[in-house]
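From first to last, the protein sequence lines are chains A and B. All residue numbers for the first sequence refer to my numbering, where the first residue is 1162 and numbers rise by one. All residue numbers for the second sequence refer to my numbering, where the first residue is 498 and numbers rise by one.
Take these hints with a grain of salt, some might be off.
Derived DSBU-like pairs: lysine-lysine, alpha-carbon spacing no greater than 35 Å straight-line [claimed, not checked]:
no., chain 1, residue 1, chain 2, residue 2
1, B, Lys814, B, Lys1013
2, B, Lys814, A, Lys1265
3, B, Lys1477, A, Lys1266
Among chain B residues calculated to face chain A with C-beta under 8 Å, some are [said to hold, decoys possible]:
no., residue
4, Gly715
5, Pro717
6, Arg723
7, Glu756
8, Arg793
9, Phe799
10, Gly813
11, Thr880
12, Gly881
13, Ile948
Think of the hints as simulated: they come from the structure by calculation, not from any bench. Given the structure is predicted, the values throughout are model-derived calculations rather than measurements. Glycine included, every Cβ here is placed at the ideal spot set by N, Cα and C.
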Amino acid sequence: MAAASETEFDLSVAEGVLARLGWTDRRDDGRDIAGQLIPLLQQLQDAYGYLPPPVLTWVSRRTGIPTSRMYGVITFYSQFYTEPHGKHTIRCCRGTACHVRGGKKIINAVTSTLGVEDGETTEDMLFSLEMVACLGACALSPVMVVDNTYYGKMTARRAEQVVQQFVQEEA
Amino acid sequence: MGRFVSVKAFLDHQQQLSATLDPNAKIITICGGTGCTAFGSPNVRKAFETELEKRGVATDVSVKVTGCHGFCEKGPVVVILPSKVFYPNVQVEDVPRIVEKTVINNEVIDELLYVDPATKQKIAYDHEVPFYAKQTRLVFRLNGLLDPIDLDDYIAHDGYLAAVKALSEMTPDQVIDEVRDAGLRGRGGAGFPAGVKWGFCRKAPGDEKYLVCNADEGDPGAFMDRSVLEGTPHAVIEGMIIAAYAIGASHGIVYVRAEYPLAVCNTRVALEQARDAGLLGKNIVGTGFDFDIEIREGAGAFVCGEETALIASLEGKRGMPRARPPFPANEGYRGKPTNINNVETLANVPLIILKGKEWYQSIGTEGSKGTKIFALAGKVNNTGLVEVPMGTTLREIVFDIGGGIPKNRKFKAAQMGGPSGGCVPAQFLDLAIDYDSVQQIGAIMGSGGLIVMDENTCIVDIARFFIEFVQKESCGKCVPCRVGTRHMLDILTRICDGDGRVGDIEQLEELARMVKSASLCGLGQTAPNPVLSTIRYFRNEYEEHIREKWCRASVCEALVEAPCAHACPAGVNVPQYVGLIAENRLEEAVNVIRRRNPFISVCGRVCDAPCERRCRRADVDEPLAIRALKRYAMDNAADVAGPLVPPASGKKEVAIVGSGPAGLSCAYFLALMGRPSVVFETLSIPGGMLSVGIPEYRLPKQSLQADIDYIVSHGVELRTNACVENVAALRKEGYKAVFIGTGAHHGRALRIEGEDLDGVVDSLVFLRSRALGEPLRCGKRVAVIGGGNAAVDTARSALRLGAESVLILYRRTREEMPAYEEEIEEALREGIELHELVAPKRIIGADGRVTGIEMVRMRLGDADESGRRRPVPIEGSKFVVECDMVVPAIGQRASTEALAGTVKLIPSSGIVVDKATGATSMEGVFAGGDCVSGGETVVAAIGAGQKAAVAIDRMLGGSGMLPADVQISMRRPSEDDLEKILPRVEEPMLAVEQRRGSFAEVLCGLTPGAACAEAGRCLRCDLERLESLAAREKVTENE
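So here's chain A without its partners, still in its complex pose (with noise of 0.2 Å):
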């Protein structure tokens, strides 16, 4: 992939940001933005969909936060992403109650279906696929959502339908 550059970006978006949690370009007002890093990464994922790296670049220069404290947090948290999301998320818990009954069967049949592993993105940029380590729905095992819909009490088929029937829609 080109790399890509700042101008590609609206980066008053980021500015807004940066404003809402109160950062200013004064440095002598005690304000720790650094320490406000994961609620300030949380919303520029929220405002640009995902980080987009020339922004961080730039908030980096902008705050004085090195990128490589930023990558470090990043990395290191599962919900941060560098990388475009698809316009559809399908989390798969991975949660204990759903693995007891069976929610293997229902990660293969969403793979499968997509053809994305863990982590990936189709390439008509569609559909982003998550593992969750649980998502606290455990009455429902197996669970599975998209974007923020619940569905329980999967079966294999059934997780199949749901997601061939997002694909027909956006078709």
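Using the hints provided, position chain B relative to the given structure of chain A.
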């Protein structure tokens, strides 16, 4: 409502609200928890609102979306107030009926009610549903009642009274004393006393202190914190205000998982409301106390549940823990004194302040006070959130509240405490659970995740699952955790893949000890717990994976082609022959079975069918009737009498002692590999227990004979009336190998007074004498003692022999009886009386003959090693049962007379063998069947004979190759059939009135139509696996 500027203003408002609470108000409460939302509660809510509008009653009846009711399994859950009528699984189309009948006319709609799976009774009111009735809901008391984001609703139900009381009437030290004396322990996992923790933070020097509510509930399988925050966020906020006041904190943070959007949203709204009402911020209700709370969303890292890692995360760093001390109470967030409590802990605090420590102390056990919320999930009927007093037993939680295990499968273990905890096996079902007792048995209370596992859960797979989880979540800071868990995962993965090595278990244990003792934080220190506890209680399952490549639960993919075939001790290719039956290719089906099992007629009738217990069709509706299909194929195949291979010829180098299923199978499989043998049988007829143990109404003589004839046709020499005096002598006679399959034909004695009276006959003697046509006097009133198949066979035989009444006396209950359930059912239908919970004390006689038996009543006590409850005698409950015949059927003993001075024996159980080969301690001598196990199933004996045949062939220079399995039926059910609920077929039975006085077979076999349809239900797991293997290969090729 404005801002409360004084305590009085708040109390006035509170009183006003609470006075307007109308206990007779008509309210429709709909659960708005994540579970019910997923099942469609938002649409149900809309439907109710529309319907009320339509009927013009919208002003009289209100609709309220509440927090989680806990019974997620049955969502969407609707409760109609004030009557408390409870409707589970409510669908939009049910709404008009509910409004018309229940809401307006106060009628209960029968067909929408909850049906208790245990009693099949319909239950109308929520407090009568066993799931709720047996709980003590304190923290959850308001969850199904309140609108989570309605502050007044919370205040009306005594909300914020505790906070205002603490702030206005108590000093911080008094608050700390109250909570400490109440005995509240941290609900996040470790169980540290909350009051003590507060005390540390209060005493720590510094004027800036922080209070953190840990809602980073990352423990897979726990979801109570989510539910509490979603349902009653104000209760958590109130707990935080009290805690902050106690320790002197002015700033609070709720650290909540981003994966919990509803919890984040409700908490955010509740904070806003509390702030607007003056319950947060500067000068709270005019008391002069300042405190505010912000929300931080966790970015997805399990380790951030650890205090120091959580603090690092709050500070915008990688969530890595650090060494303690200094403890967060002295140096926490931003280096300031910080107190971190879990959501559930904080939600308990207002209750303690409001109701007092004495009240709180009265709930729970000596060392653990109050209630605990468990997230009940996994293989249990009623999944959901369960709040019970500390000290409740696992049996009460899993069986009384949880409704037991689906499909009546066996409870294997419960995983408590998630990846940091351990498994609790069946023997501890009656242990009173609190922090300390759970720790003693190698698990932890943890946050309260409780995953139930049944017999179809593989314990090694579970251990691998947890290690994989912690390995992924290990932050990587310290080597023991980062590298140690990696090595443990590698070993566990290879065991599950069938590549385990001898010594792996020991290496796992050593690594586990190292990781435990040398890791920096709680994650690493507890990560090996699931492995250690599963090895501790289920070491045999690890060994089976390593040595026999066998996964008893049929879970580990690399080992299992199809669960049914894997579960069969004889390794019969079940899906293949079922597919052939569906295509009406019966001869081929029979031949597929015969590659691994010569006793088709027998196993088609009396097999305990372990295959059916693993059948995946059960996940759709019910397991396939595999046993009935097997019988159908054999009974209806046109020409299957001839041998599978030409009869073996040549010198007979193998002697087989005993012609039961083990011995004849061994002879048969040797013949398939070209080796003839001689089978010695002491009795006049062959078949062992099959002919002298199982009565003809279950296994007709001609069916058994057909199987034996078939075996003999392979060049097997059968010598009846040929008693082998000594096994060692056979070796001297020139037999290069000997297989012992002498069975277990001796009954166990009762060891009570009167056993020598005339009329006391052991059940095995009784059944054998009858089968051989020896003189046998059957009593008029027969008492059979025991609960196994021999007991039921004896009882049903006695009835057929003309006994006027037959009783089965059993010391436990029907549920614990080892006999097949369908046999018990038929015995009862035939008029046999079952007396549960009674044990014999002495047999009473007159003139040397039995006249009765003195019994004592029993009750069920705590679990034994298998999880069955031990019978305990009830003092002073003796009574006499009159009878003229007593038949003890309490167990059997291996027949080992011919073995004196030869192979190694365990006196009370049987011959000692290598499980994989059947080899005994004496060279060239093998053994299998009941003489090894002391009494097992037919198909287990067949499998043992088969294994020994393979080992003998190899010993004698052969390849040990059984005829290859060929894939010939590719028939699969259609996609539509996969979804349809198709009930399992049942075999027709002989009418009950025709059974007395006759030994005619009871089960009548399937009709062609029924058999074909039944076989068509098979999911063909074997083909599915083939396909996925092929797909994987294709992917590899493409890459």
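Hints violated by the structure (listed by number, smallest first): none
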